[in-house]
Structures are given as structure tokens and as C-alpha cells.
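Peer 1: Read off the chains here:
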Amino acid sequence: MRITQGTFSYLPDLSDDEVAAQIQYAIDQGWSIAVEFTDDPHPRNFLWDMWGLPMFDIADAAAGLHEVRACRDAYPERYIRVNAYDASLGRQTTALSFIVNRPSREPGFRLDRQEGSDRQIRYSLQAYAAQRPAGERYGRNETPNGAGHPGPASG
Amino acid sequence: MSANAGPASSGFAMPRPGPGSAGANGATGPGDPEDTGTATPEPLSADDTVELGEEQQAQRLSRMLDEFDGEFVGLAPVKARVREIAALLLIDRLRQRYGLTSSRPSLHMCFTGSPGTGKTTVAMHMGEMLRELGYLRKGQLVSVTRDDLVGQYVGHTAPKTKEVLKRAMGGVLLIDEAYYLYRPENERDYGQEAIEILLQFMEAHREDLVVILAGYADRMDVFFRSNPGMASRVAHHIDFPDFTLDELMQIAGLMLDREQYQLSGPAREAFMEYVGLRMTQPRFANARSIRNAIDRMRLRQARRLVAAGGTIGRSSLMEISEADVRASRVFGDPPAPGDAPPPDADSHQ
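Sequence lines, in order, name chains Z and F.
One point on numbering: in the working numbering, the residue at position 22 of the first sequence is 22, and numbering is uninterrupted.
One point on numbering: in the working numbering, the residue at position 68 of the second sequence is 68, and numbering is uninterrupted.
Just chain Z, same shape as in the assembly (with noise of 0.2 angstroms):
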């Protein structure tokens, strides 16, 4: 089941020219990009893994893009995604935020119906990538040491 999410999410994936233009409009407004990652896909978990700090002072999209290529060749079984913040006065808010790399496979959620009383459902959502442990959820062709930053020793 692929994984709709924020903006351009009814579209095919965006290629890196694609990206790097997003990332160029960004940073044209004014927004810092940061880089995002993470291997939980439920739709409510909106706080990703960071990869390296937000890039506030950067000129040209390439900057961005080595980053996101950066977090691709570390963890190229999940999600990563692309967030600009808009920090201007009366918005500061993220103005915009794409995926830029899923897993290779994506095998969906399962529906729980918990039963409660007087005939009440509640409905629940487990991916079934959740149900291992954080790191191993998308197989295992990546960095051992789970989530992590972009530190001095992963060049």
C-alpha cells in the first residue's frame, strides 16, 4: 500500500530535479529545509527522525539535495521526507513538506476493531511493518545502529 502524505502526495514519486526545484522554491521564500526520516509509517506520527540540523542559510537547492541523497544512501528502506519551515512572523509553521524515498515494499495496515460496550467500535490501525522492532521494519540492508544522525564517522 503506498504512502500518501503532505504536499504533491497524489503524485507519482518526484524525481531529484523534481526535488531540487521544490527545495530552490523553498529556499527562494525564505524557508530553511530540513530532512526527515523514519521507519514508523503510521499517519499520525508526525515526528520524525532528524537527519542533521535544518538548513537555514543555504543559497542553492544542490545543498539540500546532497543532504537528502546523504540520508537516502544511509537509509534507503525508509521514509524520508523534506520540510520547510516558514519562520516568519504570524505563520511559523512548516509550509511545506514532501517524501522523498519510501521503502521498496510497503506492506500496509491492518484494521483493529476493538468491541466496546452498548455495541461500540473502536477502530485501531497497526502497520504491519510495526510489528518489528524500529530499524529492522523494512529489511535489513542498512546502517545497523537504528536511527541516528548524519554524525563525523558516516562521512
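Hint data in this document are derived by calculation from the structure and do not stem from the laboratory.
C-beta: ideal position from N, C-alpha, C; glycine also.
Check before you lean on any hint, since a few could be wrong.
Unchecked claim - Cβ-to-Cβ under 8 angstroms is the rule here; a few derived chain F residues that face chain Z:
| # | residue |
| --- | --- |
| 1 | Q140 |
| 2 | R146 |
| 3 | R167 |
| 4 | M169 |
| 5 | G170 |
| 6 | G171 |
| 7 | E203 |
| 8 | H205 |
| 9 | R206 |
We have chain Z; now place chain F onto it with these hints.
Peer 2: Same frame as chain Z, now just chain F:
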């Protein structure tokens, strides 16, 4: 696609692979990484010819080069090299349109020369010029020194250097006094790490970033000798010569014009004498010393005018007199101990 790609591709015909059209069409395919979008050069067939002058006009190249020549006094080797680079980029663009191979030339440069010879200023113009030529997307100048790149503890250097490199992407990174990056006397110095990251970026992001190293010639030589990888990745070594007396006077004229001051006739002669004397003194920093001298003359002029009091007009506000120039300590013939060179001459070491 235009119709001049060959006989096979007239009307709505599919472009066919073949000897006639393959080369011409291959130049500006949709996924062509060299297509930076500033100009949309249409592909040319083998028989087409291009008027070079028109092409230069179209690229706003000649205007830019003239501006460059007009703005800088002296610096003949620099101007010559800048013209060479500009010509190469122009020819490369044309070759690309003919479908000839045009690998993107390495544009990393090394500026060597004494202080105050205009290295930073030229680097700034270089960024703008390369942007106009379509080789840089932004052309901004990020000027850094050793402490912007090298960290203070283990693991600090890599993120710091990368941060700076990311800031400079799409433009020019000027590393002033680059030889300080390498400290041979301390083998645990983090400068080496910064150099390695720099090298990696210079190679991997050749189309995103132009790195310019600047510094004194002799120390840059030592730096390159101990970092052969760096030497081979820097394609253009440009030496900035010291200014002659005439050139310095010309520069002074430009500076005074910009600040709307005038030298009276005798003051001009005195100033020429001053520059001649100052050139022989230690810590002479070419154009920077001239700028400092002008600033001090303005101070003396202001003091003189305030001390004189009375009514004052526009012309006297603009005029720097001979006395303002002659009051400089450079003229003091028996230099008092610790007086020459003047302590306020230049802050540059």
C-alpha cells in the same frame, strides 16, 4: 526540437538514431544535466555557423568583461586569465550546441598575491560572471578562513566544513589564507580533515561549487606541495601582481571620486610622494594601504576644518589640502623609535 537537426526530423517525425541527427539531438536532451536553464541554446547541425561576436553579445559576455576591465586598475595577468576562462566557457557552450563533447571544465582557482591586490574583490566578480555564463546558479560569495572550517574537538570539523560547503553551493567559496588549513607541525591537527572533505566536495560537486583558494604565493606553494591532491584539483593558478605607483594613484583617484573628495594640485603631488614613500615601508598592503591613507586624510581634513571654524562651503568640504597629506608620519624624516611604520598604517599582519 527545431527542424534543423537533420533531414529525418522534419515535421512530426520521430528523431531517429542515425549518423545525421544523433549527435545534434543528444546535446540538449530533457535530462541533460548541463542544461542549467539560464539560456536555452538550440542544437546546431554540422553545417551551421555562428557569429562569435553575436554569441558574446547574447551571453552579455563582452559587456561583463569590459566592466571587469574598467573596474580594476592594473592586474594584467588576472584580466588575461579571466578572459581566457570566459572564452573557454563560451566555446564550450557552442561545442555543446554542435553536439561535440564538452566536459565541464574544472573551475577551482587559486589566487596568490600580496595583501590588498584585490583577490577578494575579483573572487566576488568571478561569482557573478560565472553565474552570467550559466555555470553557477546563484553566484554568491562565501568567504571563509581556517576557523570557519576547522573544528575544536574530535568530530567537530566534518559537520562544520560541510555546513560551510552547503552554504557556498551554487556559488563561490573563497578560502582566505588557505595554507593555514594545513599545519605540518601538528600531526593531530584537524585541518587535514577539513582538507579531505574539501577535496571530496570539490570533486563530487564540481558543477555546484567553485572553490577559490587565496593567499601569499610562497606559502601557497608549500601548501600545495604538502597536499598534492589539492594542487591537481585546482585548475587555474592566478598570480596577482603588486601595483605600481601609477596604478596606485589611479586607484586613489577612483576611491576619492567614489567618496566625493578632491585633491588640490599640490596635494596630489604630495600624495604621490606619500605613496612612493609608503611603498618602501614594511607592511605595505597595496590598495588597502591607500584606502587607509585616504581615511586618515579625511580625518585630518575634518580636524582642520573644525579647528578653523567660521563659514564653510561645499568646495572646502570636498577639498583635501596639501597640509592634510603632509601631516602624515610617513613624511617625518627622522622616524622616532617605534614610529615607523605608523602604528595605524594597516591592521594586516
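Peer 1: Could you tell me which of the numbered hints above are not met by this structure, giving the numbers in increasing order?
Peer 2: 2, 7, 9
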